[in-house]
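Number of protein chains: 2
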Amino acid sequence: MSAFDDLMGFTRETRALGAIMGRLNWDQETMMPKGAAEQRGEEFEALENVLHTRKSDPRLGDWLSSIDPSSLDAVSQAQLRHIRRSYERAVKIPARLAAELAKVTSMAQGVWAEARARDDFAHFAPMFEQVVALRREEAAALQQGTDHDLWDALHQDYEPGSSGAELDAMFGALRPRLVALRDKIMGADQPKGLTGTFDEAKQMALTTALAANFGYDFARGRIDKAVHPFSSGSGQDVRITTRTNPEDPFNSIYSTIHEVGHACYEQNINGDYLLTPLGEGVSMGVHESQSRIYENQLGRSRAFTEYLFGQMRDSFGDIGIDSAEGFYAAVNRVLPGYIRTESDEVQYNLHVLLRFDLERQIIGGDLEIADLPAAWDARFEADFGVKVDKISNGCLQDVHWPVGLFGYFPTYSLGNVYAGCLHQALRADVPDLDSALVKGDTAPATAWLAEHLQQFGGLREPRDTIVHACGFEPTEAPLLEYLEAKFAGIYGF
Amino acid sequence: MSAFDDLMGFTRETRALGAIMGRLNWDQETMMPKGAAEQRGEEFEALENVLHTRKSDPRLGDWLSSIDPSSLDAVSQAQLRHIRRSYERAVKIPARLAAELAKVTSMAQGVWAEARARDDFAHFAPMFEQVVALRREEAAALQQGTDHDLWDALHQDYEPGSSGAELDAMFGALRPRLVALRDKIMGADQPKGLTGTFDEAKQMALTTALAANFGYDFARGRIDKAVHPFSSGSGQDVRITTRTNPEDPFNSIYSTIHEVGHACYEQNINGDYLLTPLGEGVSMGVHESQSRIYENQLGRSRAFTEYLFGQMRDSFGDIGIDSAEGFYAAVNRVLPGYIRTESDEVQYNLHVLLRFDLERQIIGGDLEIADLPAAWDARFEADFGVKVDKISNGCLQDVHWPVGLFGYFPTYSLGNVYAGCLHQALRADVPDLDSALVKGDTAPATAWLAEHLQQFGGLREPRDTIVHACGFEPTEAPLLEYLEAKFAGIYGF
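Each protein sequence line maps, in turn, to chains A and B. Position 443, counted from 1, in the first sequence is what numbering that gives the first Met the number 0 calls 442; the numbers after and before it change by one each time, with no gaps. Position 425, counted from 1, in the second sequence is what numbering that gives the first Met the number 0 calls 424; the numbers after and before it change by one each time, with no gaps.
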């Protein structure tokens, strides 16, 4: 056995344990009896300890220093790059800090939920300050020996190779045109929405059929109900969840197509990479590009919604809309609202850009937690034209910051930008895509994505993954052009 | 922190990881997508490696040697006893042997399944010999420093403190009276069985209601379908599975009540013992006493079957039987058959005793694998009065030996003997039990079992657990008297 084989064997075992952790999370959200929470907490902690210890195991350092990368093929070099990055980051974090972060962020989630329910920012502020202080301390540790600023240092966990400065340039170009587009839409007549109630068993049947439409492989996955939709797992066992609301079938349909995008990325990665660092989606941004292109550019397209309109009428009878054109407009309505997760293609990125700017200031030390609500509200009014009415509709709405997820939010918008680029390249390669989509056949699109992007998993760096698939450097332009054309069509300006 | 606290902390973490392993097994049998088998194999192996390493971790030896048991209270002493026994056994097994056993028994399962399907003993014999040789080697290692014979050494994993010689005396008294009882029954008229087909959804509804009747706590458990019924987990998360057969509702009903017995034992253990060695059923034999008393002495009693008769008619209408007396006889029919798992209260122990005698000879080195089929068939004919027609109805019927489970089988009959003793003590303490059972109310019985036995978990040694509950030394007499009286009544002799 060479050092590289030993390293890969150890890594494979760590990844298998990580897959178990993912399944335990899935179980908690779908199957776990209510009374098992305390015991489950101890189970998580025990497995987390095992994983944490393995990530900074000194043998990793020995193997890494004894391997000559130039003796390896390209795939092995890519494996090594992932392992080295993970190890070098892991050993920078003192055990004391890791333990404190785990403890404080776990407590913070409960306090945040209370504060949000009571609309009481002061209740969460002291805990929030602790979370930020610990994450800044972590950022300072991770920053050592790199040219990252504090926010960049955290951001690397979600989007390796990306930087706040690059994103700032991209988002700076995105924001004014989105604000302008939003203004135009709000000045136009709103299309009609669905009416009626929608049987939940029929929603599940339709949703399951749509997952198959989009290429989800049920032999290596399953769909269950959960409070929040999510996709979980890699390789041979990639499960998704959905929820149903009798008033709003689009919630189940589009959250499922979104999660199917995530899941198909994982399912379509080269099987040779199973349980290796290359065997999962390469970054949050690239992952989001897949979920978003499935959900939006394909799922909310004029062609596919024509197919879906027929499916909806077959399932539910009269849905209060009598043309495919009207249905397309109903799917794509842009309505005022405070909540990111309830947002649409146009406003979603404005929600994210707001968080991106504020969290860079927070982690950079330029914005105190005490000043956050005012900064949030001012920015919201500037971009959305309305005042935030309460803190649960403002800076306490998302769980991310309370549990310490700084550096994560912008990957959502980066994913949308990447989806815009991929969509442009896809349409150029497959000009008659709509003739398939209108029949509910997504295969020409999903096969293109599998071939040009998904199969490679972590082989290339995130941005290079997109460049390889598109054949050009990603910019915000394709997304903007797509959105402006689409919504001008729907809203008639 | 004292050495005892450190030891308990480490042990608690190991047990939490063990609970995850149990849940992973449950998932494989109930939820796992078909295509995930290969990946799941690696996940099991990774977690098994972690658990194996922890069981013989040298820190355990250090802590154990630095703790003075006399400084501890009785509960802590019991914890220590379990931990010491587990550690002392773990360090006796060389890593090479453990790895070989894991590999060979895993391969053997597949080869056995082929051999059984083809009725070809020779196909499995070479692998069978390897399994036996490795388990004998393990037994020789475990035997060191004890007065156990080879079979006893293996048996300790399932029934600590029990021995082949004691069981031999007990089973020697059991066998002739069971053979005689079986003969009498086969000479009598058979009662009528159920007729009709039984809707599977209604079976699940009835089965779920029966689980609640027997005190199963759904807030800390759940019931799902699986190919084989089983109970899984301890403490706050104890799940059971069942199966339905449209021709045979008793299969689902009685396998569920059986698993509920196992599950209630786990659920009713003192909550202070959660994730400690005392926090699970103390042995296979004591566990089986709970499943069997729920299933047989309670579930197949004249009083409870009267309640069940009403439930069956409410669920399914005409079931081909029109009296509670006739239904009681149908539930308890004794029919000829080769297969242990399809057997009844009378013949079940004869199946087990056959295996007990043969496996002691195999592990003792007194019976060659080549001679096993002939030995099996001769014994079967002696006890059951019929010749075995094919090897899949003979010594290849069970998976236990092929995967190396020697020393396990007799715990089934020991459990039945213990159930007989517990039933005698229960009836003495709760003389009007039947007046509750006839209304479907098992609470007087299950509360008695929880109070006298289940709550204590691993506090006392297995046999002492029974003595404490019954107030007398266990023997085979109560079981025999119960069976002879019950079946004389049903078959009219």
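A few of these clues could be false.
[As the list claims (entries may be wrong)] Straight-line Cα separation of at most 35 Å, DSBU-like style, residue types lysine-lysine; simulated pairs:
hint, chain 1, residue 1, chain 2, residue 2
1, A, K54, A, K224
2, B, K102, A, K438
3, A, K54, B, K389
4, B, K224, A, K201
5, A, K54, B, K183
6, A, K201, B, K33
7, A, K91, B, K91
[To be verified] Chain A regions said to be covered by chain B (calculated; three or more residues, Cβ under 8 Å):
hint, stretch
8, 111 to 119
9, 199 to 209
10, 405 to 411
Everything labelled a hint here was simulated from the structure, so no lab data went into it. Built from N, CA and C at the ideal position, the CB exists for glycine as well.
Outcome of the hint check:
no. : hint            : verdict
1   : A:K54 x A:K224  : 33 Å, holds
2   : B:K102 x A:K438 : 51 Å, violated
3   : A:K54 x B:K389  : 54 Å, violated
4   : B:K224 x A:K201 : 23 Å, holds
5   : A:K54 x B:K183  : 67 Å, violated
6   : A:K201 x B:K33  : 25 Å, holds
7   : A:K91 x B:K91   : 39 Å, violated
8   : 111 to 119      : violated (count 0)
9   : 199 to 209      : violated (count 0)
10  : 405 to 411      : violated (count 0)
Hint violations for this structure: numbers 2, 3, 5, 7, 8, 9, 10, all remaining hints satisfied.
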